[in-house]
Amino acid sequence: MNTASLDERRREHRSLRVRRILYGVVAAVAVLALGAVVWFSPLLALTDVKAEGAQLVDGDEVAAFMLQKHEGTPLPQLRSQRLKDELAEEFPLARSFDISPAGPRSLRVKVHDRQPAFTVKRGEAWEIYDREAVVLGNPDDKPQDVPMFVGTADREGIEIASTVVSSLGENLKQTEAVAVKSSTRTAVIMRPKEDYTVAVILGEPTDIKAKLTTARTIMEDEPPVIDVQSTAVPATKEDAPAWARLPREADSQD
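Sequential numbering of the sequence shown, starting at 1326, is according to the numbering used here.
Derived from the structure by calculation, the hints contain no laboratory data. Any given hint could be a false lead.
Distance windows between CB atoms, simulated [stated by the list, open to error]:
{"id": "1", "residue 1": "Glu1386", "residue 2": "Glu1457", "range": "19 to 29 angstroms"}
{"id": "2", "residue 1": "Ala1560", "residue 2": "Gly1448", "range": "29 to 39 angstroms"}
{"id": "3", "residue 1": "Ser1507", "residue 2": "Ala1427", "range": "27 to 37 angstroms"}
{"id": "4", "residue 1": "Asp1520", "residue 2": "Gln1554", "range": "54 to 64 angstroms"}
{"id": "5", "residue 1": "Glu1396", "residue 2": "Pro1566", "range": "57 to 67 angstroms"}
{"id": "6", "residue 1": "Trp1568", "residue 2": "Glu1415", "range": "31 to 41 angstroms"}
{"id": "7", "residue 1": "Ser1507", "residue 2": "Glu1396", "range": "45 to 55 angstroms"}
{"id": "8", "residue 1": "Asp1564", "residue 2": "Arg1407", "range": "26 to 36 angstroms"}
Even for Gly, the Cβ is constructed at its ideal location relative to N, Cα and C.
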């Protein structure tokens, strides 16, 4: 093979590499241009929000808020997490939001309510709290099937109660009340059977699942009080301490 042929092949290889680079650059520019068109396109601007509300949060108010904040903004510019953060700040009674496209210019928002966890007597009315100690409402009558708080209803007591309730799991369904005397003296009053109520002394609000598992094994004998502050040495008693009893007023409403 002569020198002229080698030079010609080298030129062809260089020309091919240059063409490939040019094609790549053109493709990248085209992608960027298309992205810019989509990013700013009025054809994808938000014009409608379909919001499904729940009991505590009105769907129409959610839709109106979203449009007030973002109507006319192209959907690609709207970040789901940012929208959720804005909605959570505006509608604290919602536990969470699901946001999804509902068309080229529309969004769908599904609202999930916070759930009642316990209720506190305040004068002639009641305050309903969720598991994060957020107030959900102030009805005149005690809500049905919601455990009541027993103790001093200051902020510390409410937060301790929320810690206890958050750890109850399936036991919450059979819980009549959450009692808080201090950060080291807590209890739950449960009704595992229609004709059987038991006070379970928890002590510190830690390892609650394990403590209630131990208490469950003792409930078969139906003692009025089960002390599981130490799961290694659980004990039964005949009388609950005064701070771990249902008020008579609550008993009259059962």
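These are the hints, each one checked on the structure:
One distance hint, 19 to 29 angstroms for the beta-carbon pair Glu1386 and Glu1457, holds here, with the actual separation near 22 angstroms. Roughly 37 angstroms separates the CB atoms of Ala1560 and Gly1448, a value that falls within the hinted 29 to 39 angstroms. As the Cβ distance of Ser1507 to Ala1427 is approximately 51 angstroms, the hint placing it in 27 to 37 angstroms is violated. The supplied range of 54 to 64 angstroms is broken by Asp1520 and Gln1554, whose beta-carbon atoms lie about 27 angstroms from each other.
For Glu1396 and Pro1566, the hinted distance range of 57 to 67 angstroms is satisfied, since their beta carbons lie about 59 angstroms from each other. Range check, Trp1568 to Glu1415: about 39 angstroms between beta-carbon atoms, so the 31 to 41 angstroms window is met. Checked against the hint of 45 to 55 angstroms, the pair Ser1507 and Glu1396 passes, with Cβ atoms roughly 52 angstroms apart. Taking the beta carbon of each, Asp1564 and Arg1407 are about 55 angstroms apart, not inside 26 to 36 angstroms as hinted.
Hints 3, 4, 8 from the earlier list are contradicted by this structure; the remaining hints agree with it.
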